[in-house]
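2 protein chains.
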Amino acid sequence: MPKLALHLFETLYAHGVRHAFGIPGDFALSLYDALEESPLEIVVMTHEPSAGFAADAYSRVRGLGVAVVTYGVGALNMVNSVAQAYAEKSPLVVVSGAPGIRERRERDLLHHKVKTFETQWRVYQEVTAYATILDNPLTADAEIHRAIETALTFKRPVYIEVPRDMVDANIDELPYERPPVKKVSRGALLEALSETIQALNKAQCPVLLVDVEVHRFNLQETVVELAEKLQIPVCSTMLGKSAFPEHHPLYIGIYNGEAGDPTVRELVEGSDCLLMLGAFLTDINLGMFTAHLNAEKTILATSEKIAIGYHEYPNVDFREFVEELTRSQELKPHHTEPIPTMRPRVEPSPGPITMKGLLYELNAFINDDTLLVNDVGDALFACDDIQTHEGTSFLCPAYYASMGFAIPGVIGASLADPFRRAIALVGDGGFLMTGMELVTAKKLGLNPIIIVLNNSCYASLRAMGHENASFVNLPTLNFSEIARALGGKGVVVETGLQLRKALHQARDSDVFTVLDVRLSPSDISPALKRLGELFARTLKG
Amino acid sequence: MPKLALHLFETLYAHGVRHAFGIPGDFALSLYDALEESPLEIVVMTHEPSAGFAADAYSRVRGLGVAVVTYGVGALNMVNSVAQAYAEKSPLVVVSGAPGIRERRERDLLHHKVKTFETQWRVYQEVTAYATILDNPLTADAEIHRAIETALTFKRPVYIEVPRDMVDANIDELPYERPPVKKVSRGALLEALSETIQALNKAQCPVLLVDVEVHRFNLQETVVELAEKLQIPVCSTMLGKSAFPEHHPLYIGIYNGEAGDPTVRELVEGSDCLLMLGAFLTDINLGMFTAHLNAEKTILATSEKIAIGYHEYPNVDFREFVEELTRSQELKPHHTEPIPTMRPRVEPSPGPITMKGLLYELNAFINDDTLLVNDVGDALFACDDIQTHEGTSFLCPAYYASMGFAIPGVIGASLADPFRRAIALVGDGGFLMTGMELVTAKKLGLNPIIIVLNNSCYASLRAMGHENASFVNLPTLNFSEIARALGGKGVVVETGLQLRKALHQARDSDVFTVLDVRLSPSDISPALKRLGELFARTLKG
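Protein chains in written order, with the numbering used here: chain A, 1 to 541; chain B, 1 to 541.
Note that these hints are calculated values from the structure, not bench results.
There could be a bad hint or two in this list.
Each pair may be met inside one copy or between any two copies, as identical chains are not told apart.
[Claimed, not checked] In silico lysine-lysine, PhoX-like type, Cα no more than 25 Å apart, as pairs: (1) LYS202 <-> LYS332; (2) LYS356 <-> LYS501; (3) LYS442 <-> LYS115; (4) LYS229 <-> LYS442; (5) LYS305 <-> LYS183; (6) LYS305 <-> LYS115; (7) LYS332 <-> LYS356; (8) LYS489 <-> LYS442.
Fair warning: this is a prediction, and the values are worked out from it, not measured in the lab.
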């Protein structure tokens, strides 16, 4: 009979997980002992919010990831990171150490406890798709499988709490399979497909919108095949960026309502059949609700359901739907007018560095092997003008939008996919939150390139009509010096040429390099300028 | 009619709050506009976990504090800090921006949202004593008063969510007073007092244990008067340390079960009447449950209840109980044998610096004006051997024990009580979590002395039977260099003499100074040595 924690970690390994991110603590000591015995590699981070971000990024790249933390001080310090994984559909497994079952019965005031022993489990129910306490050796195996199946089916985080006296418990394996967490019906699939095919064939100007779940379900190649079969224009959203290759001749750019490219907007909003694959419609993706989509003419397929016009098919599997649609012999190709492919609207800046110049250099620098991890704020919005390549990995918390994701994220993503050249784009505000994590990059021998938009302010808040508010200002810091103190390289960048040189030098460095790009607080990306105006309008109501 | 948010901040000001800690965000922008208009000073921190710790420390010193954060990414990133405030009885008010009421009705996928618009409120119900959403101008004033009254009565954090379209709403003031959050009865008070006085007078060897709520209710002087009237030995716990002056002749030291001083243990456990004021009995305070207290002979008074032997008085006010007990004419003085006053068991170390040498120098350096803020791990346990002075402020999260408290804590505490010389004692692990916050100290013109126990490991985990586990190791860092990169001074300390000099130089610095004390991973405080052995035994058992 296997031991509980070891069995849990071996099951994760069997699902492709190779690393466990976290920080040990007294209630997680025996769990870490089990980790050390397991085939997973332990990655000790410096702070739980970062451990959560790293494990989330790892899950987004690799399909599944795990964070192992201690009770209370550990798990409750990771709630925000897990909430982001939930909101953005990342299948992250949270494993928390906890007081033993016997201790709970006998002792009332154990340290790290808040209200009751169940407080943490209740908090995690709010931010995960499944939350379980492994308090019974007879059901532990079934619970582990249920949790992992839920994470993989809905691409959401799950929570597994391991009381410390259960870590080494001998557990039984389940003699039968439980019903699946999602019910699917062949009849529903066929009906949804038939309706979709009919609508596409009948349409005069259909458009395909490819979004984040295409990436999560690893359906990128299938969707390229579908687009080429249909011969219709393809767009994406900020969150789904790079799920469809941005150099593909059918690709027209990012749809973002009034805040985005007008050509894309016109095609999407004027379409008589908009097929949205794996999308979730958010205010940031949809340009602060300046999107004008016609539900009648929309087909929205996600892991939860297929919605066609005003009716829904809850019992259809997303992957099956996309795959069978692509294989269908009935789909007719369209012959839409050729549309100019997406081109970044940025230009080189010969003198002092500007956001546009930075985007120009970055576009010139990235290639098929790039792994780009973006923080939020202008580090996110600017990406509207970055053209990723086929195969580029692009990660950004574009919906939930938690600052501080990029640096721990680039660590997690680099471990998940070590053959790419990793770049993180982060504001000074985001760097201050989790930049200390660079000591972990150093420890692991990773060499990401960190581009810091150093403009001494929270630029996106400033752009929302708060140019004169003192609370959007940040102290002016020397991030290149901080980088050196943390064991890496640091370069101050004041011109476009310096950036170009620094990027090429950083490419060959074997430790991390921080490019400390000095920007004016008022110099923001074209996309943030548009968004800021829309935000300010929303604020005014 | 006042405007909602301004009224909230003015009410906090009227209760003595002068600073608001936090980070602005789009859902909190109008809240920050109101803050700027209010008499509160805005303190923008770098990361929400730190903002929570700073506001918590401020509340512990000043009696009430406030953190103002944005929705989702802000508030959910502060759950752990607020959980600690709950667990350790700190009256912290959390104010969170949020989507407007109209937006919630009209829009489904607003950014920063997790499951539903109420997810965050539900999470905060688990870690606060009161959680309210100010969604109605007719009840907003009553809710604000209810929340603050709850915080002040039970010394627990409370949560106030302000939808952004309510920030400037005109609100009505409540025409009547609601019943108090705690019901008290004069009869219960008199009966509890009479029983207590009788028990104390009858006892042969009574002992007074003074704990954290004496500090929270600002009853320190009253309790000194009570002790002098009774003429009995007084002890405290780690969490309550410095609530009773440690140089007082009646003071015998910290009670910590088998892990603590044997003389104190003998007196406490052998007492025939143990009066515990404002205590909560935790496993760390009680030496991993090696305490042997006799419930029959114990009187435990807290803000929740007075427990005498096996019966309880829920309806007694803690402050009234302590004050009336002290004023009582019926109390008889005892004439216990003189007991040697508490003396730290540490000695100077002439050569390379050791933990014992560090404690010796720190004992020599601190005085009546010191404000000492400790992180957890050995930074906490070592304090068993630090003798605070009358008037010393001593802060430490000794029960919930979240790492990373000291540096943001020393910022919050310094603003709450600017006339003290602030010192933070922190491990390298704790520094890595929140040390970046030193840029905020610099920005504010604060000059705390930061003593880093730099031993390249999580020393307390290591001491729990994990000397050879690789996951308890930390990278070896140069914290003095990091300090300089963050804008302060940094000094490497390798001998006791260097520490003495560095402390005196740091005292006169006008920016923060980091003393980077290089210790061997195996060099731990006497208290941690004892505790580590007990922890390891608990783990096995």
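Okay, the hints, checked on the actual structure:
no. : hint              : in the structure
1   : LYS202 <-> LYS332 : within (9 Å within a copy, 98 Å between copies)
2   : LYS356 <-> LYS501 : within (17 Å within a copy, 51 Å between copies)
3   : LYS442 <-> LYS115 : neither (39 Å within a copy, 36 Å between copies)
4   : LYS229 <-> LYS442 : neither (46 Å within a copy, 61 Å between copies)
5   : LYS305 <-> LYS183 : within (11 Å within a copy, 52 Å between copies)
6   : LYS305 <-> LYS115 : between (38 Å within a copy, 17 Å between copies)
7   : LYS332 <-> LYS356 : neither (41 Å within a copy, 81 Å between copies)
8   : LYS489 <-> LYS442 : both (11 Å within a copy, 24 Å between copies)
Hints 3, 4, 7 from the list above are not met by this structure, while the remaining hints are.
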